[in-house]
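Add chains Y and B to chain G, keeping to what the hints say.
Protein chains in written order, with the numbering used here: chain G, 1 to 209; chain Y, 1001 to 1680; chain B, 2001 to 2160.
Read the hints as simulated data drawn from the structure, not as lab findings.
Idealized CB from N, CA, C, for every residue including glycine.
Treat the hints with care, since some could be wrong.
[Said to hold, decoys possible] Pulled from the structure, derived: some chain Y residues nowhere near chain G, Cβ distances all over 10 Å: (1) Leu1076; (2) Val1117; (3) Ile1143; (4) Thr1201; (5) Leu1427; (6) Leu1494; (7) Ala1534; (8) Ser1537; (9) Val1540; (10) Met1596; (11) Pro1633; (12) Arg1637.
[Claimed, not checked] Each pair of labels, with its calculated beta carbon distance range: (13) B:Ala2116 / Y:His1371: 43 to 53 Å; (14) Y:Glu1607 / B:Thr2094: 38 to 48 Å; (15) B:Arg2079 / Y:Asp1629: 51 to 61 Å; (16) B:Pro2095 / Y:Gln1162: 52 to 62 Å.
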Amino acid sequence: MGFDITVFTAAVLLHFTNKNISAIRLYMVQSAAIGLLLLASTLDRFTPLLLIAAIATITVKVLVAPYFFYGLTKRHDLKFSVSTYLNPPVTLAAIAGLLVLTQIDFFTPLVSLGTSEEKLLRLAFATILVSLLLSINRRGALSQVLGILSLENGIVSFALFAGLEQSPGFQLGITFNILIWVIIATVFASMIFRKFGSLDVTSMKKLRD
Amino acid sequence: MDFFSSSGVFYALIAVFLAGAIGALFLRRKDSAANIWGNSLAATGSLAGLLFAGASLLHGSATAFSLGTSFPLLTLTFRLDRLSAFFMLTVCFVALICSVYAIGYVRHYYGKYSVGVLGFFYNIFIASMILVMTVHNALFFLIVWEVMSLASYFLVIYESRQSANIRAGSFYLIMTHTGTAFIIVSFLLMYKVTGSFDFETIAAGLAGASALMKNAIFLTALIGFGVKAGIIPLHTWLPGAHPAAPSHVSALMSGVMIKTGIYMLMRISLDILTGSYWWGIALLAIGAASSLLGVLYALSEHDLKRLLAYHSIENIGIILLGLGSAVVFSSAGMDTLAVLALAAALFHTLNHATFKALLFLGAGSVIAATHTRNIEKYGGLIRYMPLTALFFLIGAMAISALPPLNGFFSEWLTFQAMFQGVTAFGLTTRIVFILAIGSLAFTGGLAAACFVKAFGITFLARPRSEAIAAAREPSVLSRLAMAGMSAAIIGLGLFSGVVMRLLEGVAGSLGSLRGAAPPGSAQFQSVSIENGFARISMPVVFAGIAVAFIGVMAAVYSFTRKRKTITGPTWDCGTRLTPRMEITATGFSRSIITVMRGVLRPSSETEIEYHDANRYFPKFGTVTMGLRDIYQPFIYRPLRELTAMIARHVRKVQGGNVNAYILYIFLTLIGLLILLDVGS
Amino acid sequence: MFADAREKFPAGSHPANVNGRMFRRSLAIRLVTAGSTNACEQELVALGNSYYDVERFGVCFVASPRHADVLMVTGPVTRNMRDALLKTYEALPTPRIVVALGDDAIDGGLFRGSYAVLDGARSVIPVDYEIPGDPPTPTLIIGALMSILADLSGMQAQKT
Chain G
1 MGFDITVFTA AVLLHFTNKN ISAIRLYMVQ SAAIGLLLLA STLDRFTPLL
51 LIAAIATITV KVLVAPYFFY GLTKRHDLKF SVSTYLNPPV TLAAIAGLLV
101 LTQIDFFTPL VSLGTSEEKL LRLAFATILV SLLLSINRRG ALSQVLGILS
151 LENGIVSFAL FAGLEQSPGF QLGITFNILI WVIIATVFAS MIFRKFGSLD
201 VTSMKKLRD
Chain Y
1001 MDFFSSSGVF YALIAVFLAG AIGALFLRRK DSAANIWGNS LAATGSLAGL
1051 LFAGASLLHG SATAFSLGTS FPLLTLTFRL DRLSAFFMLT VCFVALICSV
1101 YAIGYVRHYY GKYSVGVLGF FYNIFIASMI LVMTVHNALF FLIVWEVMSL
1151 ASYFLVIYES RQSANIRAGS FYLIMTHTGT AFIIVSFLLM YKVTGSFDFE
1201 TIAAGLAGAS ALMKNAIFLT ALIGFGVKAG IIPLHTWLPG AHPAAPSHVS
1251 ALMSGVMIKT GIYMLMRISL DILTGSYWWG IALLAIGAAS SLLGVLYALS
1301 EHDLKRLLAY HSIENIGIIL LGLGSAVVFS SAGMDTLAVL ALAAALFHTL
1351 NHATFKALLF LGAGSVIAAT HTRNIEKYGG LIRYMPLTAL FFLIGAMAIS
1401 ALPPLNGFFS EWLTFQAMFQ GVTAFGLTTR IVFILAIGSL AFTGGLAAAC
1451 FVKAFGITFL ARPRSEAIAA AREPSVLSRL AMAGMSAAII GLGLFSGVVM
1501 RLLEGVAGSL GSLRGAAPPG SAQFQSVSIE NGFARISMPV VFAGIAVAFI
1551 GVMAAVYSFT RKRKTITGPT WDCGTRLTPR MEITATGFSR SIITVMRGVL
1601 RPSSETEIEY HDANRYFPKF GTVTMGLRDI YQPFIYRPLR ELTAMIARHV
1651 RKVQGGNVNA YILYIFLTLI GLLILLDVGS
Chain B
2001 MFADAREKFP AGSHPANVNG RMFRRSLAIR LVTAGSTNAC EQELVALGNS
2051 YYDVERFGVC FVASPRHADV LMVTGPVTRN MRDALLKTYE ALPTPRIVVA
2101 LGDDAIDGGL FRGSYAVLDG ARSVIPVDYE IPGDPPTPTL IIGALMSILA
2151 DLSGMQAQKT
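Bound conformation, chain G alone:
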């Protein structure tokens, strides 16, 4: 319960941060919550694949990704824009609207997936929508990426509360997701290496040109 609220709150707060650093931290917190949720369900019923998924999530999403973003923004002076299309009150109104949309009995077929955790399911779905809204609203590239990543977290939590955590498809999905993460990061790194002849990020300053 608490974790899920954390996930949702992080998604909402992502809308109102003015700094890249705090956005990254919020994402870290959100990912940590997801990781812990996964770990908790491992305690519930142990499967090796789920454990791998949980550990991978924590490693990549909580540690590697934030470190990567952090490095990009902080140490190399790359400023990502955080400006938005909608001003904060309108954003808040939109979030509220989405929340209401998920809470009224509108998405019955969707919610009927997992009857036991209906409220959480609605919240998780609200997280998905709110994260999507973030991607739409933000002009900056990093914020958009964070919006998509947050959306991904929302999907994972939605799947968890829909009672899918024991299904191998779900576990495979998460692992696969992480794998894609790693591949993209590797490709990115190797592209940088080919371009600059070094992985030393100091030389990446040229990227700004």
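Same frame as chain G, but now just chains Y and B:
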């Protein structure tokens, strides 16, 4: 017999085509090997297909077999009822002849274009046509239909160094996909009613569908398959695309590919659905328009292959006249007459496949020998290519419906079916049938005129260009293939009574005509329709013509045998005769075009240059005659402009802003969820 | 009056390869003007008018040597017309009859000995009949043609 109609043979022959395709691709470095491999496997596959289809046709009852796939709704179901078997027989026969021909013909591509690629697409093309005729699942059908369209597209643009071919190919691609879009709509409508993509289930499920739905299905199918069949005004791709392909492929495209459209129209209007009255009238009207306009355009054409392509439109029109009559009869409950009309349409389908393929093969030999498609540049080829000329003449006589060849018989049958329509119906329908008969009669006459032109200008008189003197007969295999086709044309004429009986069986096996009594008796000796309404005996016609021929020859001989024959130069009034004095194709067809200028809208330009200022002594004159394209400005350009206008408005949506794109996704998601909720 | 003309001008001799019934008392004539002064042509034109009307005797002038029985030559045969005359003669179907009309065509007439002419049709092609005169009058021409017809048909001149 049972062995040949087993599913194993079918899979084997498809495998042969695939082996031919892939093998040709592997051998592409060596042109002759790729040629022999690709075409001989195509010939083998076609021969196997011929046996398979023939056995299935004689077998009578439908054979079905299927392969499952892991995709829902898609099972690889094949079903050979008699209609499929008949069409497959036609495809395989023409493909066999064309493949044998190709072994000799493709040689002139050596070193110019990749023969391996040609072999690849050629095999795929034949296999996909066979599959189109045999599959029994709408989704699977769409897949093989698309494969057929794409394979033929690549064959059209095979001679890719000529930009005109690329243009024709692109236009063909656009048109065929427009057609496919309509076909998809048609199938989806069927799915909506019946919840199945299996033709059998669809046929059963559509029986109770509303008239509106049936009309919608028929109309979309008519447009979709009409594009492929080349009915007017959807024909515009055909005269460009068919000539662009290598000639043996043109023969296949014109001879059998456009028949896939006819096949599906038959299947939908008489097997899956039960035809209603106005469909038949619509088909009759389209058939009359296509046949008449097709032959008129052919008459004004000077490109030998384009001329033949326009004749394909004409013959599709004739087939549709038969089919339309069948639908009208069927809707009125006169199943016997419907069987007669449909048998006429089927017979003409087979006949057109044979003689059009032969004509294209002959044209291919001529073009390969002279390197031009302009018939004004030909002349006197009969002296250099006597056998090709003979085969072309046989084809020309058959397509002009001259007895005793096969074209005559099927057009006669179509006439008889329509005469039955005149006697059987009330005033309005009677008028429709009378007009259709008139157009068919007119078409027949014009077709004969057109082939007098095509044969005369090509093979007779003196050469009009230097290249003619170097013309030689094609290789032995090519000549053999053309001889085989000529024999088939004569054989189909002679044995038309037997074929007719077989085709009555095919026509009577369709869903809405099942159990209909045969329309008279069809024997080898004679065919009689509707208790002696009309009667014909092809052996007697053959014998009569033979007796007349022998009699005339004997008479001429007996009168002239005492005379001495002296061969001397043609009297030239003291001038020197040059090929420029011969009648040209333009001159030949000019009077007919001038008479029909209300329909054809010819553009005629006369340019005369004079020696003197007073314009008394002309130096030389040029007359250019062409037809204005009436389809582009009145149908296609407005459509194109409409599309462009919509596209301009749609473009505003695509602003290049990532946020906007995500917003679209977001709104779609919300919208879908709401829709889902409302729906449940 | 024609009878007189016939007796006056027995035009020539019967060609060996012509049998009696071949022409059926009708002649189709192809005229070649081989450098004529046009005098003979004027008289020939007169043959077609309603006064003389040569067609009532079965004689007609045709447009192509292929249709002709008789090749009629006028003029002394100039050098330039030699080939044309030869070609026309060759184009005539056999049996062919050549008639030289007028003195020029018979032996060159006035122009005899000129460097430009070949002194009559006989120097180029075999001539079967000759109709003298410079030019012969239409009456004479018709009379001569009648006697030629009679000769060809193997009949006595007086009978027709």
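How the hints compare with the structure:
1. Leu1076: Nearest chain G Cβ is 28 Å from leucine 1076 of chain Y, so the label holds.
2. Val1117: holds (35 Å)
3. Ile1143: Given that every Cβ of chain G is farther than 10 Å from that of isoleucine 1143 of chain Y, nearest at about 28 Å, it holds.
4. Thr1201: Threonine 1201 of chain Y is indeed farther than 10 Å from all Cβ atoms of chain G, at 29 Å.
5. Leu1427: holds (59 Å)
6. Leu1494: holds (68 Å)
7. Ala1534: Answer for alanine 1534 of chain Y: holds, closest chain G Cβ roughly 66 Å.
8. Ser1537: holds (72 Å)
9. Val1540: The claim stands: valine 1540 of chain Y keeps its Cβ more than 10 Å from every Cβ of chain G (closest is about 75 Å).
10. Met1596: holds (63 Å)
11. Pro1633: Consistent with the label, proline 1633 of chain Y stays out of reach of chain G, its closest Cβ about 46 Å off (over 10 Å).
12. Arg1637: Check passes; 40 Å lies beyond 10 Å.
13. B:Ala2116 / Y:His1371: 43 to 53 Å: holds (51 Å)
14. Y:Glu1607 / B:Thr2094: 38 to 48 Å: holds (46 Å)
15. B:Arg2079 / Y:Asp1629: 51 to 61 Å: holds (58 Å)
16. B:Pro2095 / Y:Gln1162: 52 to 62 Å: With a Cβ separation near 59 Å, proline 2095 of chain B and glutamine 1162 of chain Y satisfy 52 to 62 Å, so the hint holds.
Consistency with the previously given hints is maintained throughout, with no hint failing.
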